[in-house]
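Q: Fit chain B to the known structure of chain A by using the hints.
So the sequences go chain by chain: A and B.
With this note's numbering, the residue at position 421 of the first sequence is 432, and numbering never jumps.
With this note's numbering, the residue at position 60 of the second sequence is 198, and numbering never jumps.
No wet-lab data here; the hints were simulated from the structure.
Each hint should be verified, as a subset may be incorrect.
[As the list claims (entries may be wrong)] Taking beta-carbon pairs under 10 Å as the criterion, some of the chain A residues facing chain B (in silico):
#  : residue
1  : R208
2  : T210
3  : A211
4  : C363
5  : G364
6  : M367
7  : F368
8  : G369
9  : Q399
10 : G404
11 : A405
All figures in this text were calculated on a predicted structure; none of them were measured in a lab.
Beta carbons are placed, not taken as given, at the ideal position from N, Cα and C, and that holds for glycine.
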Amino acid sequence: MSPAHARQPGHGQQRGNGRTGLISRLTAGWHESDRPASLHEHARRYGELPPVHRGRVGGHDLIEQVTAAGLTGRGGAGFPTGTKMHAVAARRGPAVLVANGMESEPASGKDQALLGRAPHLVLDGIELAAAAVGATTAYLCLPRSRAWLADIADAAIRERQHAGIDTVPAEVRELPHNYVSSEETSLVHWLNGGEARPTATPPRPFERGVRKRPTLIDNVETLAHVALIARYGPSWFGEAGHADSPGTMLATVTGAVAEPGIYEIAGGTLVGDVLMAARAGAGVEAVLVGGYFGSWHPVSQVASLPFTRSGLARAGAAPGAGVLFALPPGGCGLVEAARILRYLSDESAQQCGPCMFGLPAIADDLTQLAAGRPDGDPLERLGRRFRQISGRGACRHPDGAVRMAASALSAFAADAHAHSRRRPCIAAHRGRPRTMLLPVPQPATEGAWR
Amino acid sequence: MTLRLEVNPIACTAHGLCADLVPELIQLDEWGYPMLADSVPYHLEAHARRAVSNCPTLALRLTRVRARRDNRKAS
Chain A
12 MSPAHARQPG HGQQRGNGRT GLISRLTAGW HESDRPASLH EHARRYGELP PVHRGRVGGH
72 DLIEQVTAAG LTGRGGAGFP TGTKMHAVAA RRGPAVLVAN GMESEPASGK DQALLGRAPH
132 LVLDGIELAA AAVGATTAYL CLPRSRAWLA DIADAAIRER QHAGIDTVPA EVRELPHNYV
192 SSEETSLVHW LNGGEARPTA TPPRPFERGV RKRPTLIDNV ETLAHVALIA RYGPSWFGEA
252 GHADSPGTML ATVTGAVAEP GIYEIAGGTL VGDVLMAARA GAGVEAVLVG GYFGSWHPVS
312 QVASLPFTRS GLARAGAAPG AGVLFALPPG GCGLVEAARI LRYLSDESAQ QCGPCMFGLP
372 AIADDLTQLA AGRPDGDPLE RLGRRFRQIS GRGACRHPDG AVRMAASALS AFAADAHAHS
432 RRRPCIAAHR GRPRTMLLPV PQPATEGAWR
Chain B
139 MTLRLEVNPI ACTAHGLCAD LVPELIQLDE WGYPMLADSV PYHLEAHARR AVSNCPTLAL
199 RLTRVRARRD NRKAS
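Next comes chain A alone, as it looks inside the complex (with noise of 0.2 Å):
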């Protein structure tokens, strides 16, 4: 029995093509016990592994599956996996397949819950997408942060070695714990034997990546629906989620709700039910969408959106790697703007002029004006500094930020108007505690990039 009838009462709606809500596919059985699932516990979840055989499983030609599936990653930038298969199989020679297990994403805890439960998910998404793509090598890249998470993968590894079912075993690498390393260039730089910094693409992974070899680069959770793609077929996987965002995505919903935590849902699941899901207090006025490259919204502008990204873009929104973060009534979002944004900063590679430079001037210049002590105008130069930075990293990095920092001042321009004028927060104003809410981990010891 396919997990999607698994699925947990309630939430699920019919809606357009396929069902919205809560969904258990990825997420089956994690209520029944908190270990990994075994081997064993994980075959008669979903059933054994379908044999690959030349890219086909079943029959059917596993790209193509995907492709008609209409997967797309779930790392943030939500491409169409299956184009970014079929490019890596195009390219001549052996190819090289990298799972982002990395989750550098402080807001976001979908990937360590997902390898942490169900790790054979992930693995057989390695395996079937390695022989897609005619990887002979595959890496499991992982947070040198989390060692738990690496005993957890190299013991499911171990195992599914002993039933002998990988033709292409993952191979477990844990990297320096930095913001910007979770990224594509950042992988493979750091596999090359280089720094887990961005590189200037091109050339692009796909192309020219791992010891100059195609590389594939998923995020563990779309490996993960590869996995079950591959079982189920592509009409089964739409029969969850709107036909723009068909099946399902993790998601991290945290802050102001009593039942913070992992949520699976189907796409096109709206914001407002995610929010009502985790049960978020009624006080609630605005929330982060998407995480620390993401945006802060008030509540009513984004409630009624589907948590997808053509959804929230009518909100100048994204969903980012699925993550929702709601402001308690009491917090100051210019402060947790402001912090995040140091955080930011501080994580910079220090490899670009105007994220080296950039980042800690509007970390300044939130932090002034969250405080309510600015030095001049600090909005006209927020606005300025927006448009210098924006574009001009080698990587996404600066752009993130700038969208964070910026998002913050339309959300509670209210609050940054008053800030401007030396008037004392809103938020505090009301006699309410100014708390400090957001995860902000310690930026990484000096030169921890190999």
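A: Leaving out everything else, chain B in the frame of chain A:
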């Protein structure tokens, strides 16, 4: 076909020579890094080439682009 200036932001170390050589196409931001015009008109081509060949870190280059840039294949 039009010409376009591109900078490798990792190689660039803000010498600023390029902005002196072709200020019509290159302005420096407040930290001294170049901000480039979208395309190079024919009458400034020679100046743009001079800026490229004088960049101390070889960070600047001229590329030929079709009028509309193709969408990249994979991200």
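Q: Could you check the structure against the hints above and give me the numbers of any it violates, in ascending order?
A: The structure conflicts with no hint, since it agrees with every one listed earlier.
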